[in-house]
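Asker: Here is how the chains run, residue by residue.
2 protein chains.
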Amino acid sequence: MIELDFTKTGGLIPAIAQDAASGQVLMLAFINQQAWQKTLETGEAHYWSRSRQELWHKGGTSGHVQKIKAIYVDCDLDAVVYQVEQIGGAACHTGMRSCFYRRVEGDALVSEGERVFDPKEVYGK
Amino acid sequence: MIELDFTKTGGLIPAIAQDAASGQVLMLAFINQQAWQKTLETGEAHYWSRSRQELWHKGGTSGHVQKIKAIYVDCDLDAVVYQVEQIGGAACHTGMRSCFYRRVEGDALVSEGERVFDPKEVYGK
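As you go down the protein sequences, you meet chains G and X in turn. In this text, residue positions in the first sequence follow the UniProt record's numbering: the first is 1, and each later residue adds one. In this text, residue positions in the second sequence follow the UniProt record's numbering: the first is 1, and each later residue adds one.
It is worth saying that the hints were derived from the structure and are not from the lab. Worth double-checking, as some hints may not be accurate.
You can't tell identical chains apart in this list, so a pair holds if it fits in one copy or across any two.
Cut-off 30 Å, straight-line C-alpha distance, at most; resulting in silico cross-link-like pairs (DSS-like, lysine-lysine) [what the hints assert, rightly or not]:
#1 120 - 8
#2 67 - 38
#3 8 - 67
#4 38 - 69
#5 120 - 67
#6 120 - 38
#7 8 - 38
Isolated chain G (complex conformation) (with noise of 0.2 Å):
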């Protein structure tokens, strides 16, 4: 298995989830060893969630999964490109492609991206 560098941020690395078809970056996450792991191992992007400390299969429960298509490290081993293909079309938990679907406007956020799904309907809340 390939060993990246987890000894800055807490053992934590940034992971960037890239649309594999359109190059739309879609989310951005941190990973650690066992995320990194489980997505070597499963061929779906796995990450760490810090707000809930634990081991993140995205899409686990909303069937959303991301299949890797390619992996990226960069340089000095400390942060990773996930090419995946977004099951569902959408990344974001607001039912957006990206999570990036807010551009910088001067002091305005303008929103540009596009809604796949209704959250409420994928999450029931």
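Mind docking chain X on chain G? Use the hints.
Answerer: Same frame as chain G, now just chain X:
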């Protein structure tokens, strides 16, 4: 100025630099409030260097600055995407276009990137 959430990760949040034209992810670094402010003020990407513990104007020495074309913020306001024009063509200190130039292939890393400059010529070392 758009207020980001710098309360996690010791006052730092990850910033993804993405080529505005091709969509390629070029690098990932961290920003603090000062780097965010300087980026907005100058239209050139600034980061916080964790190794040097100082404000980092990317390309300030080499001239290979990153001209901001658009900035996107994520749903939690704790990660940003800088869409940039990378002057000089390479974001990585190794001379590769992207820091993410190695693909994970089982237990090996396969170099796929394109070397744009010779770091010895640019940095003199």
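Asker: Hint by hint, note whether the structure agrees.
Answerer: Hints versus structure:
For the identical chains of this complex, residue 120 and residue 8 are inter-copy neighbours only, at 28 Å across copies versus 37 Å inside a copy, given an alpha-carbon limit of 30 Å. In this assembly of identical chains, the alpha carbons of residue 67 and residue 38 lie at most 30 Å apart only when taken from the same copy (13 Å versus 37 Å across copies). In the homo-oligomer, the alpha carbons of residue 8 and residue 67 lie at most 30 Å apart both inside one protomer (27 Å) and across protomers (28 Å), since each shortest distance falls under that limit. Taking identical chains as interchangeable, the C-alpha atoms of residue 38 and residue 69 lie at most 30 Å apart only when both belong to the same chain, with a minimum of 15 Å there against 36 Å between chains.
In this homomeric assembly, residue 120 and residue 67 come within 30 Å of each other (Cα to Cα) only inside a single copy, at 24 Å, whereas the closest approach across copies is 39 Å. For a Cα distance limit of 30 Å, the shortest separation of residue 120 from residue 38 inside one copy, 29 Å, qualifies, whereas the shortest one across copies, 39 Å, does not. Taking the closest pair of Cα atoms, residue 8 and residue 38 come within 30 Å of each other both inside a single copy (20 Å) and across two copies (25 Å).
In the structure shown, no violation is registered for any of the earlier numbered hints.
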